[in-house]
Structure formats: structure tokens, C-alpha cells
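2 protein chains.
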Amino acid sequence: MLEKLREHIEKIVPLTDGEFAFVSDHFTVQQHKKRAFLIEEGKSVKYTYFVISGLLMLVHNDDQGKQHIAAFAMEDWWESDFLAFYTQTKATMSLQCLEDTEVACLSLEGYDKLCAGLPKMEHFFLKKANGGHIASQQRILSFLTSNAKDRCEQLLKRYPSLFQRVPKTLLASYLGVSRETLSRIWRSS
Amino acid sequence: MLEKLREHIEKIVPLTDGEFAFVSDHFTVQQHKKRAFLIEEGKSVKYTYFVISGLLMLVHNDDQGKQHIAAFAMEDWWESDFLAFYTQTKATMSLQCLEDTEVACLSLEGYDKLCAGLPKMEHFFLKKANGGHIASQQRILSFLTSNAKDRCEQLLKRYPSLFQRVPKTLLASYLGVSRETLSRIWRSS
Chain A
1 MLEKLREHIE
11 KIVPLTDGEF
21 AFVSDHFTVQ
31 QHKKRAFLIE
41 EGKSVKYTYF
51 VISGLLMLVH
61 NDDQGKQHIA
71 AFAMEDWWES
81 DFLAFYTQTK
91 ATMSLQCLED
101 TEVACLSLEG
111 YDKLCAGLPK
121 MEHFFLKKAN
131 GGHIASQQRI
141 LSFLTSNAKD
151 RCEQLLKRYP
161 SLFQRVPKTL
171 LASYLGVSRE
181 TLSRIWRSS
Chain B
1 MLEKLREHIE
11 KIVPLTDGEF
21 AFVSDHFTVQ
31 QHKKRAFLIE
41 EGKSVKYTYF
51 VISGLLMLVH
61 NDDQGKQHIA
71 AFAMEDWWES
81 DFLAFYTQTK
91 ATMSLQCLED
101 TEVACLSLEG
111 YDKLCAGLPK
121 MEHFFLKKAN
131 GGHIASQQRI
141 LSFLTSNAKD
151 RCEQLLKRYP
161 SLFQRVPKTL
171 LASYLGVSRE
181 TLSRIWRSS
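So the sequence lines, in the order shown, correspond to chains A and B.
Note that the first sequence ends on residue 189 in full-length UniProt numbering; no numbers are left out.
Note that the second sequence ends on residue 189 in full-length UniProt numbering; no numbers are left out.
Calculated directly from the structure, the hints in this document are not laboratory data.
These numbers were taken from a predicted model, which means no experiment stands behind them.
Don't take every hint at face value.
Since the list can't tell identical chains apart, any single copy or any two copies may satisfy a pair.
Said to hold, decoys possible - With a straight-line cut-off of 25 Å between C-alpha atoms, the simulated BS3-like cross-links for lysine-lysine are:
| # | residue 1 | residue 2 |
| --- | --- | --- |
| 1 | K66 | K120 |
| 2 | K157 | K128 |
| 3 | K149 | K113 |
| 4 | K113 | K168 |
| 5 | K4 | K120 |
| 6 | K34 | K66 |
| 7 | K43 | K127 |
| 8 | K90 | K157 |
| 9 | K120 | K33 |
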């Protein structure tokens, strides 16, 4: 099941079988049912997750009990409450399965050992972190500059499969638009 | 002038004098006057910048000519149009000096050579990239969950000196509020 992880890593750094065995030793694989929580707000965050199959949603519930969607994560994506994970503080977001999901789990201790033991992996994680930083900078820019219609169209263009897999109510929340607005844009695109 | 850079790096990884000499070789130092542009939209992005002294603003101008502020950067911060820098594409944002500013400049070639030649620096950049990713995730969350007043108060608490140094009109734009709203919150806090 970790073959997907190997393919994913080898897009950036090639690995020998021995190196991949070393990498694998730091991961555990978990299967979760739809609606299960991998991270719960207020609790500690054990892992950063690589999605082997399925779909996750990173959400924050505000004081009024309103749900805000920070991110979706599907196959080949990494997700966690990164602030809580890296600083070993309590989660301010929850990570929930929107489908039956299989993940490869890496603890902070495992992450540090992997980086120290295999410089290639430190290089791999640097590339992924820079990619994540870029994606976040782009999303901030889209909040500042784009109207709802443009944000929908950008998302549809970049991740068409999200529109097939994520309930429209959740997509609308992620984009910061009403369910009705999303449907109108969706029909006209 | 690169002593500040050394102190900054040594908060994460200690360096010998020889190692720091190697690091220094990859940077150039530039002085810029207030209002000068380090990056211009539509042009290529040569460097990622470490701020030795002064203050920068990362902005995007939309099709209607409206200015959106993605970030401020002051002493000890790194800033660039990271998408354009890492992928060597044209800038979609500009980076402008709000004060006379001194920066240490690192090219992508220099960045790659530094990481390959000194694993400690790859480790340093990974820590910084993870920190940047966390900060972006927090800012996205603040857009989703906070009202203008909360965003102002968070910023004031975290970076009080920004309120002294950045013109209120620009702070209001960064926070996505009107100049009047910001003044009202500012007076009452």
C-alpha cells in the first residue's frame, strides 16, 4: 500500500529499495471510514497524513458553531493541522474523512528521524513545504482579489475531480459563497 | 552586514566561521530607497530576499487597477513572489520598499547550491518553509473565521511595530477593511 507513497516521493527524489525500506519503517498505514476524524479540535496532533486513497476535509469550528473549511485533501496530498503538528500544541482544526480513506501516517519524531537519517528526504520535504507555501500564498491572493465566480472557476479548472466528489454545500463553504451562488456559477460554466 | 543573517540562521542551526563564509558567498547585499521596487509584476524574479533592515510590502494589482496587499516583511523576514521564484515564471506580485531597506539576496541557483553543499542549510530552509506554511494556513483561517475587528487585534498583538511603521491606509488594505473602520478599532483598542 505504500507503493503510492514511493511513487509520490520518487517524483522528486529517486530511492533505492533499501532507502525505501528505511522510509517505510517510519510510516504506519490506517484505514478510516467516511465521517471518521483523524484530528479533533482541542486534542493533540500525532501525525501528518499522506492520502493513499480517499478524501479529507480540514475544518475549523468558530465560537458560534459555524464550520469553516480550510482545505480539502485527496490522493497524493499531505494534510494536517500543521501549526499543532510542528509545534506539538493542541489542534485548532479538525481533519475528517469525506470518503472511506486510507492514509500513511508520519509522527513528528518519525519526520525528524527521517530527515536526519536520509538527506534525500529532507530535500523531498523542503520541496513539498515550498509547494505548500506557494499554494497558500495563491489562496490568500485569491481571497484578496477574486470574486466568488472567479474562485469557483479557478477551483473547477485546477481540481475538476473535487467538484464530482465533494458535496456542493461543503464546496460553497470552502469558497466562501452561498450554496445558491455556487449552483448558478456551476450551471453557467 | 551579513551578521544579522548569521544570527538569524544560528537560531536554528549553529555555523562554524568556515560554514558561514560558504553561506555568505551565495548572497549579495543591496540597499534600496523607500518606494523602490525589488520585484515588478510581469517581470522575472531573480531573488528571495532576507530583510536586514527596513520594511517591504508584497502587492498584487488586479485588472481594475486596485491594489491588494498579500504581505508585509520587516527585519529578519524572508519575502519574494515564491511561485514566480521557485518556478522561474513571471511575477504576479510586486515587492516594494516602504522604508529605506537593506536586503540580502539569494538566487534560486544559489539556494539550490547552498542546500546541496551544506545539509545544515537545507535543514534551516525546511524549518523556515514549514514556518511560512503555518503562517499562511493561519492567515487563511483568519479570512474564513474572523471579522475585521478580530483580524486587526490579532495583527496588533502579534506585530505591534507594524502599526507604528505602516501607513494606516495600507494596513486597512492588508486587513480587508476600510480606513475608517481601522481607525475606529485602533482608537478603541
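Results for each hint:
For a Cα distance limit of 25 Å, the shortest separation of K66 from K120 qualifies neither inside one copy, at 42 Å, nor across copies, at 43 Å. Taking the closest pair of Cα atoms, K157 and K128 come within 25 Å of each other only inside a single copy of the chain (22 Å); across copies the shortest separation is 31 Å, beyond that limit. Within a single copy, K149 and K113 get their C-alpha atoms no closer than 45 Å, and across copies no closer than 42 Å, so neither meets the 25 Å cut-off. Taking the closest pair of Cα atoms, K113 and K168 never come within 25 Å of each other, the shortest separation being 41 Å inside a single copy and 46 Å across copies.
Taking the shortest alpha-carbon separations for K4 and K120, only the intra-copy value of 18 Å comes in at or below 25 Å, while the best inter-copy value is 29 Å. When the C-alpha separation of K34 and K66 is checked against a cutoff of 25 Å, the pair qualifies only within one copy, where the shortest distance is 21 Å, while the shortest distance between copies is 43 Å. Taking the shortest alpha-carbon separations for K43 and K127, only the inter-copy value of 24 Å comes in at or below 25 Å, while the best intra-copy value is 29 Å. Proximity of K90 and K157 under a CA criterion of 25 Å is satisfied inter-copy only: 21 Å between copies versus 35 Å inside one chain copy.
In this assembly of identical chains, K120 and K33 lie within 25 Å of each other by CA distance neither inside one copy nor across copies; the values are 33 Å within and 41 Å between.
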